[in-house]
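Working from the sequences, and respecting the hints, build out all of it.
Each chain, written out:
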Amino acid sequence: MIFDVNVIFDQLPAILRGAGVTILLWIAATIGGAFFGFLVAVGRRYGGRLVNLPLGFCVEILRGTPFLIQIFLLYYGGPFIGLALDPVPAGLMGLTVYGAAYYSEIFRSGFAAIPVGHIEAAQCVGLTQGQIIRRILLPEMTMLVLPPSVNMAVIILKETAILSIITVPELTLTVSAIGSQQYAFVESLFLLALIYWALVEAAGRLGHLAETRLSRYRFSQS
Amino acid sequence: MSLKLFELLLKASLYTIGISLISILIGFAIAILLSGAMLSGRKFFSAPAQIFISFFRGVPLLVQLLLIYNLLPVIGINVPSIVAAIVGLSLCTAAYQAENLRGGFASVPRGLIESAEMVGFTPGQAFRRIKVPIALRLTFPALVNEAILILKASSLVSVVGIVELTRMAQDLAGSTFLPLEIFASAGLIYLVINLVVARAGGLIERSLPGIPR
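Protein sequence lines, in the order shown, are assigned to chains A and B.
Following this note's numbering, the residues of the first sequence are numbered contiguously, the last one being 222.
Following this note's numbering, the residues of the second sequence are numbered contiguously, the last one being 213.
Any given hint might turn out to be false.
Going by beta-carbon spacing under 7 Å, a handful of chain A positions derived as facing chain B [said to hold, decoys possible]:
1. T65
2. P66
3. L68
4. L73
5. Y76
6. G77
7. K158
8. A161
9. L189
10. A193
11. Y196
12. W197
13. V200
14. E201
It is worth saying that the hints were derived from the structure and are not from the lab.
Owing to the predicted nature of the structure, the values given are computational and were not obtained by experimental measurement.
All residues carry an ideal CB built from backbone N, CA and C; glycine is no exception.
So this is what it looks like as structure tokens:
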């Protein structure tokens with residue numbers, strides 16, 4: 001086997017473009033997923049049964065089926081219900097909805113884990129409802145949900161690779177296309193694996209950094 | 001959508017279940033070796049295990065599968081694609097399961113081992129009779145979780161040409177022009193399999209003895 005790295009490095013601009021698409025999709029889907037996930041969690045907590053049950057049903061379906069099936073349903077099934085999307089918007093939408101389901105569960109357990117005593121104590125010293133949410137619930141929850149949120153962001157980064165199957169021009173599609181043009185499949189896949197590995201490691205380190213920086217806001221339990 | 005199509009999907013789902021089950025078992029065996037290497041306290045063993053785990057947890061499974069599928073023939077190993085798929089899934093789940101096992105072994109209460117040695121267990125006996133069963137008991141929920149993740153992740157072996165549930169759905173959707181019905185049915189089958197696994201896991205967990213503290 002001839003391991004020729006040069007064929008890959010001639011294509012550096014294209015690879016960087018693919019990496020850019022991957023990173024943009026990742027950031028957009030993570031922010032969107034966390035945002036909608038938060039809304040779902042709030043809706044399920046304060047919306048009563050009529051909101052909680054259907055939302056819970058949707059979350060279970062999204063968490064119980066493979067992402068690949070969801071994206072096929074959206075991309076190939078969408079046009080039959082008047083939702084004909086190009087690969088990039090379909091991929092972004094699918095990934096956001098998928099992320100929102102998981103983030104809603106993270107936030108839900110975050111809400112549930114805040115000790116009632118803290119809220120009661122805040123009420124006793126005369127804080128308003130708005131102050132309680134801003135000053136007690138949000139900072140305490142941030143610390144609780146940060147580790148699983150970072151974890152989920154990393155999962156979303158890895159799931160972006162699946163979007164190559166519906167021809168989103170991200171990193172995996174770009175690099176494997178170069179590989180088959182140049183007959184350097186194994187080299188290009190190794191490079192691809194290394195790029196993802198570096199991205200995931202970097203994201204994990206950043207997450208840990210954020211955790212240590214924010215840990216001064218950590219409240220003692222009970 | 002006819003019943004015949006649904007039957008084809010159900011048959012294909014047996015491949016999904018089989019591939020996942022085999023991969024989880026092989027992955028568990030590899031994970032025991034990996035977690036042993038990590039807990040050995042010797043850099044010579046723990047460093048490579050650490051790199052293995054970091055790599056297989058850091059690279060998308062799709063990329064791992066493509067890499068293994070294309071790499072094996074190049075280095076002279078000609079195996080059917082289903083073997084490449086199982087190798088890929090096994091290595092990936094091994095990395096995750098090793099992390100679980102390491103955590104389980106690390107959280108066996110120290111006092112239990114000490115009291116076992118106090119009543120005359122040799123260190124080997126204490127390991128076999130106390131540490132291993134408690135660690136396995138502690139990691140059981142994580143194992144069920146991993147089984148569900150692998151059942152879902154096995155949909156990716158469709159890209160290396162294995163006709164399991166996802167690939168069958170893709171083929172049928174292409175030939176019948178009923179993608180909505182077919183992908184929804186495939187999703188439903190995955191959902192039912194996962195619910196059954198989760199429920200069975202919960203039942204088994206409740207029948208297991210409690211965790212001593």
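Which earlier hints can't be squared with this structure? Per hint list: zero violations.
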